[in-house]
Amino acid sequence: MSTADSNLAEFHWLMDVLQTIDVGILVVRLDNRILAWNSFMENHSGISPDDAIDQDLFEVFPDLPREWFEHKSRTVVQLKNRAFTTWEQRPYLLRFKNNRPITGSAEFMYQNCTFIPVTNIRGEVESLCIIIYDVTDEAINKLEQQRTNAQLKELSRLDGLTGLYNRSYWEKQLEQEFRRQKRAVQTTSLIIFDIDHFKQLNDINGHLAGDHMLRQVADVVRKTIRTSDIPGRFGGEEFALILPDTPPDDAVRLAERLREQVESLVVEDEQAGPLQVTISLGVAGWHSRYERHQDWMVEADQALYRSKAAGRNCVTLA
Amino acid sequence: MSIPVLICDDSSFARKQVKRALPPGWEVSVEFAGNGEEGLAAIREGKGEVVFLDLTMPVMDGYQVLETIKAEDLPSVVIVISGDIQPEAVSRVKKMGALEFIKKPVDQAQLTKVLSDFGLYAE
Amino acid sequence: MSDYQLDDELRDALREVTNVAMGRAADLLARLLDTYVVLPIPVVNLLERSELNMALSSLRSVSSVSAVCQGFVGSRISGEALLIFNDTSFADIAELTSYSGDVTPEIELELLMDIANILIGACLKGLAEQLDLTFSQGQPVLLGQHVNIEDLVRNSSSGWQRALTVEIPYRLEGHSVDCDLLLLFTEDSINVLENKIHYLME
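Protein chains in written order, with our numbering: chain W, 1 to 318; chain H, 1 to 123; chain S, 1 to 202.
FYI, nobody ran anything at the bench for these hints, they're computed from the structure. Even for Gly, the Cβ is constructed at its ideal location relative to N, Cα and C. Each hint should be verified, as a subset may be incorrect.
As the list claims (entries may be wrong) - The calculated lysine-lysine pairs, modelled on DSS-like cross-linking and capped at a C-alpha distance of 27 Å, are:
#1 W/Lys97 <-> W/Lys199
#2 H/Lys113 <-> H/Lys94
#3 S/Lys125 <-> H/Lys47
#4 H/Lys103 <-> H/Lys47
#5 H/Lys47 <-> H/Lys95
#6 W/Lys223 <-> W/Lys308
#7 H/Lys113 <-> H/Lys16
#8 H/Lys94 <-> H/Lys16
#9 H/Lys19 <-> H/Lys95
#10 H/Lys95 <-> H/Lys113
#11 S/Lys196 <-> W/Lys80
#12 H/Lys113 <-> H/Lys103
#13 S/Lys196 <-> H/Lys94
#14 H/Lys95 <-> S/Lys125
#15 W/Lys172 <-> W/Lys223
#16 S/Lys196 <-> H/Lys19
#17 W/Lys153 <-> W/Lys97
#18 H/Lys16 <-> S/Lys196
#19 W/Lys80 <-> S/Lys125
#20 H/Lys16 <-> H/Lys47
#21 H/Lys19 <-> H/Lys70
#22 H/Lys94 <-> H/Lys47
#23 S/Lys196 <-> H/Lys70
#24 H/Lys103 <-> H/Lys70
#25 H/Lys113 <-> H/Lys47
#26 W/Lys153 <-> W/Lys80
#27 H/Lys16 <-> W/Lys80
Stated by the list, open to error - These stretches of chain S come out as covered by chain W in the derived footprint (C-beta under 8 Å, 3 or more residues):
#28 42-48
#29 79-93
#30 185-195
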């Protein structure tokens, strides 16, 4: 075999490899004309080399974000430095269908890309090679994991019975709000309340009826407060609310509304029949004399006890 | 008579690299310094007519050395050899009186050319 | 190799070749952002696995960081490059790269990847050229955005015991931009590096 023949043979099998390799290879000139387009590109895009080669990349893929792409390629060309992009930045460069249309859960192929400057013999960058990797499985796994983690995190914050925040998370929020108050313009207020004679209700009607009542009261809380308010259950029949940027007078009005809503609430229990309860509430606005967030809670708690002492089913401002 | 040459760099590896890059047959007596302070001391003792100076060094960096040489009008010709190849660094040291800037890793051909361009060395 | 100490000559030489490599990376970054990058003296260390977290926490006083890592391998040397960003840096960087509007986590990620591409790519290229090596770089992986620095490598469960670390703290002159590039070489890369450097000294 002559040298020319063996060079040709080598060229053939190299081309064969480039064609069959399971990553996308796309070479574009600096004016965005497509120079190379391997089988991966052809098969996933459904565009044959005849329709791609020599065409403007943005005409072949009108959805390709031009500004982003040109920023990346400019950096690569100017600095002669390869660049990597991940699916986390941009799920895909070119929208291809998922490789597994039947069993896969993603709609499209997630892609990582490498941008490589291609230089001529004088060392000038003449074109840009873009390698596209299918990372759909990896991306789906990671997204799934993130979702699960987020759910677990949310679950660990909640009180299982009522779905309000649990005490430890609620107190952390209060701590944060306490720190924020030191430089806040608006006063934040705190409401602590509990259900009157709850032990009696439990003893007479059973714990299931008691739990039922707790859930219903929590529902009233959810419906009465604003989305910015932070409701928590302390365990037992005690509840607490953080009302950000709410002066004490407004907090008292909200507390009064809560009291009325609960008072008019009739819970139909299968065993015990219709049940009704009332609540006693204590309200405390933030004050600069508090040294720790606990001082704030004590203040609201004492107001709650004054409500109890005053005959229950009422609101007291600290 | 041999020329007193000072190589001032905090890295002994870099000092050796510079020494090896000096043109063979250049009649010099080479002295080393590990930071700017040591470098200035050697210069004041007349051991640095030609100084190869690094920029990033502990204790006293190359910029401070250039400043002092200018302020005290010390009899040294300074060629900066540095890895900091930002245009800003190059123009800064030239403004501060450095004769030339050579990027690291130092290359013998380039060093020789700079030395002959400024008449410090003739083949 | 268990009682291996980092020899002064190797440490010095590594610091020097890193210095040159990071200088090139800084030059590219300076051109991209049109600003001056302050070059520090790189710190070379041999770290036990247990010391890595400590070393990471000592890098930064702030708790919230974003980080990218990228593996590299070639010429019987392997390791990972870790780029750690102070989350407070993004506002300034966004301004330098003339991103307008709010700096969303998406934009932060773009900036992080842009800078990682430049600093890691140019630094590895600089090292490889000086030591006459070639490296393949893997895809970069986002370790986390707005996470605790201690949590960055907590999940690593591979069996490594110690690593050669090169720490390069970059700062931009006149801006509050802080980032650290950490090159971590596996233990069995050290001998190869030593030979390469020895060769350079001859």
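Consistency of the hints with the structure:
| no. | hint | in the structure |
| --- | --- | --- |
| 1 | W/Lys97 <-> W/Lys199 | violated (61 Å) |
| 2 | H/Lys113 <-> H/Lys94 | holds (18 Å) |
| 3 | S/Lys125 <-> H/Lys47 | violated (37 Å) |
| 4 | H/Lys103 <-> H/Lys47 | holds (24 Å) |
| 5 | H/Lys47 <-> H/Lys95 | holds (24 Å) |
| 6 | W/Lys223 <-> W/Lys308 | holds (25 Å) |
| 7 | H/Lys113 <-> H/Lys16 | holds (19 Å) |
| 8 | H/Lys94 <-> H/Lys16 | holds (24 Å) |
| 9 | H/Lys19 <-> H/Lys95 | holds (26 Å) |
| 10 | H/Lys95 <-> H/Lys113 | holds (21 Å) |
| 11 | S/Lys196 <-> W/Lys80 | holds (26 Å) |
| 12 | H/Lys113 <-> H/Lys103 | holds (14 Å) |
| 13 | S/Lys196 <-> H/Lys94 | violated (34 Å) |
| 14 | H/Lys95 <-> S/Lys125 | violated (31 Å) |
| 15 | W/Lys172 <-> W/Lys223 | holds (23 Å) |
| 16 | S/Lys196 <-> H/Lys19 | holds (20 Å) |
| 17 | W/Lys153 <-> W/Lys97 | violated (33 Å) |
| 18 | H/Lys16 <-> S/Lys196 | holds (16 Å) |
| 19 | W/Lys80 <-> S/Lys125 | holds (11 Å) |
| 20 | H/Lys16 <-> H/Lys47 | holds (18 Å) |
| 21 | H/Lys19 <-> H/Lys70 | holds (25 Å) |
| 22 | H/Lys94 <-> H/Lys47 | holds (22 Å) |
| 23 | S/Lys196 <-> H/Lys70 | violated (40 Å) |
| 24 | H/Lys103 <-> H/Lys70 | holds (22 Å) |
| 25 | H/Lys113 <-> H/Lys47 | holds (23 Å) |
| 26 | W/Lys153 <-> W/Lys80 | violated (44 Å) |
| 27 | H/Lys16 <-> W/Lys80 | violated (31 Å) |
| 28 | 42-48 | violated (count 0) |
| 29 | 79-93 | violated (count 0) |
| 30 | 185-195 | violated (count 0) |
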